[in-house]
Amino acid sequence: MKTLARGLRAALATGAILVSGGCATQVTRISPDQQIDLSGRWNDVDSRQVADAMVRQSFQAEYGPSWAMQFMQQHGGRKPTLIVGTIRNRSMEHIPVETFVRDIERAYLGSGQVQVVASNEERQEVREERADQQENASADSRARLGRERGAQYMLQGDISQITDREGGRRVVYYQVDMTLVDLETNAKTWTGQHKIKKIVEQPRFRL
Amino acid sequence: MTKQTIAAAAALAALGAAACAPRMQPVRAVQPNGAIVRSTQDDDIAHARAQGQSERTRLAAEQDAVQGQALAACTPMLCNAIARGELAVGMTREQVMAATHSGPAAWEERGGGGITTLTPPDEGRAPHDVLGEVAFVTLQNGRVSGYAYREPQGVRLVSSAADATAEGTARARAQALLREGDELAMAGDFNRALNYYDRADIISPNDPAVTLRMARALDKQLRPYEALIRYQLFLHQLEIERIHAYGDAYAQYGAAVAEARSRILVLERSGR
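Residue numbers (the working numbering), protein chains in the order written: chain A, 3 to 209; chain B, 333 to 604.
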């Protein structure tokens, strides 16, 4: 009887240790390049893939030079100026578009082929600061008014989603379209597209 | 119910369920979950940077050559126009490029026999000078004999130094607005026609042709008092023109003067 009670106590203690060990938070730092899909919803991998594809398509035309290079050739080496407009999320998921939009902005600036100006939202704060400088900054250091650079092109886009579901299986399709519109003529100068398709299989019974 | 019957029913149910499930080929992952795939952005950016840098160097050399040729043989007037970034009659091909800050890739050259036309290959990215978008440039024996701007009212032609002045530009723009106003008046839309005449009046003030059109449109709209004022203003403007031009204006507007006077009489009588 004593042996049984001792055994039971030991088993309980081992169980408690196992449970507490299992419940402890475990954090592992991993590379941002590691592609991990957990729920099947839009994640960092999708965002990065979209940014990669759009950057590649921006600088590599199907034939001839890219739109930015064509602009430079026709304007004596002057770079085109671009403003980022609205990227509409037409999907049913929450998709933070800023992640890949910032990647694209960074790529344009890093390439040295395109100038990017602050978007509508960003420039309000800058204008407030500039207006404040007119009153409070010294004459030699204040930013002058009326020196903003106007953009020739606006980058617009949208994300669409189609979902097909049957039982525990779900097929999700995302299409990201981006367009560069000439601000003066409304002509579409460049379009980029990236498609993502995933099949998500969820077990019916989970522990 | 025997065990065999239950087993057969279960097997049938399983078969049925399997038959109803959507059939498809086994899926193949293009990227296994957990795999490390390096982003290609940095490589693409570096490649674009190198490509852009070499292209800009080439274009800068080309632009320097164009500028050198343009400034080597320009008269003071043309040199000033290049410095302002404005096209002018008498410029050479290189001076056109220098004034519009464009290169040979920005133009398509057509024609022959001493007359050539430079047109932008792509309307969307046409070269601009300080005044606007250039629609085409005509060269006669290697010198600009005329050029045109693409404007909201249509194409505006410049074929002499007078056309390129502020007055010449205003006159051409007013003419374009009058043409559009006339089209609307012909269609019976006097409200919109008046809008165009008003705009023409702003950029080319004291023009009897504009005032007469406004008077007619107001008259047709049965707005007698405003029409009367415009007819009187028209005659007054002609008086001033007569002083300036020694009667040329009367010769040009003879019938219009008679019309204005008769309408003034009618409108004054109907107003009493």
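Keep in mind that the hints were calculated from the coordinates and are not lab data.
Warning: the hint list may mix true and false statements.
Computed list of lysine to aspartate or glutamate pairs in DMTMM-like fashion (alpha-carbon distance at most 20 Å, straight line) [said to hold, decoys possible]:
| hint | chain 1 | residue 1 | chain 2 | residue 2 |
| --- | --- | --- | --- | --- |
| 1 | A | 190 | B | 387 |
| 2 | A | 200 | A | 166 |
| 3 | A | 81 | B | 387 |
| 4 | A | 199 | A | 160 |
| 5 | A | 190 | B | 465 |
| 6 | A | 200 | A | 64 |
| 7 | A | 81 | B | 396 |
| 8 | A | 81 | B | 521 |
| 9 | A | 190 | A | 179 |
| 10 | B | 552 | B | 521 |
| 11 | A | 81 | B | 465 |
| 12 | A | 81 | B | 454 |
| 13 | A | 197 | A | 105 |
| 14 | A | 81 | A | 150 |
| 15 | A | 199 | A | 168 |
| 16 | A | 197 | A | 100 |
| 17 | A | 199 | A | 184 |
Quantities reported herein were computed from a predicted structural model and do not represent experimental measurements.
Hints, one by one, checked against the model:
1. 190/A <-> 387/B: Answer violated: residue 190/A to residue 387/B is near 24 Å, above 20 Å.
2. 200/A <-> 166/A: Distance ~11 Å between residue 200/A and residue 166/A Cα, so the pair holds.
3. 81/A <-> 387/B: With a Cα-Cα distance of about 11 Å, the restraint between residue 81/A and residue 387/B holds, given a limit of 20 Å.
4. 199/A <-> 160/A: holds, 17 Å
5. 190/A <-> 465/B: holds, 18 Å
6. 200/A <-> 64/A: Judged against 20 Å, a Cα distance of about 27 Å means the pair is violated.
7. 81/A <-> 396/B: Given that 20 Å is the threshold and the Cα spacing comes to 17 Å, the pair holds.
8. 81/A <-> 521/B: violated, 45 Å
9. 190/A <-> 179/A: Distance ~13 Å between residue 190/A and residue 179/A Cα, so the pair holds.
10. 552/B <-> 521/B: Given pair residue 552/B, residue 521/B holds - Cα atoms ~10 Å apart, limit 20 Å.
11. 81/A <-> 465/B: Holds - the C-alpha atoms of residue 465/B and residue 81/A are around 18 Å apart, at most 20 Å.
12. 81/A <-> 454/B: Since the Cα atoms of residue 81/A and residue 454/B sit roughly 17 Å apart, the hinted pair holds (cutoff 20 Å).
13. 197/A <-> 105/A: It holds: about 18 Å lies between the C-alpha atoms, which stays within 20 Å.
14. 81/A <-> 150/A: Holds, at about 16 Å.
15. 199/A <-> 168/A: Satisfied, since the Cα-Cα distance of roughly 16 Å is no more than 20 Å.
16. 197/A <-> 100/A: holds, 18 Å
17. 199/A <-> 184/A: Given pair residue 199/A, residue 184/A is violated - Cα atoms ~31 Å apart, limit 20 Å.
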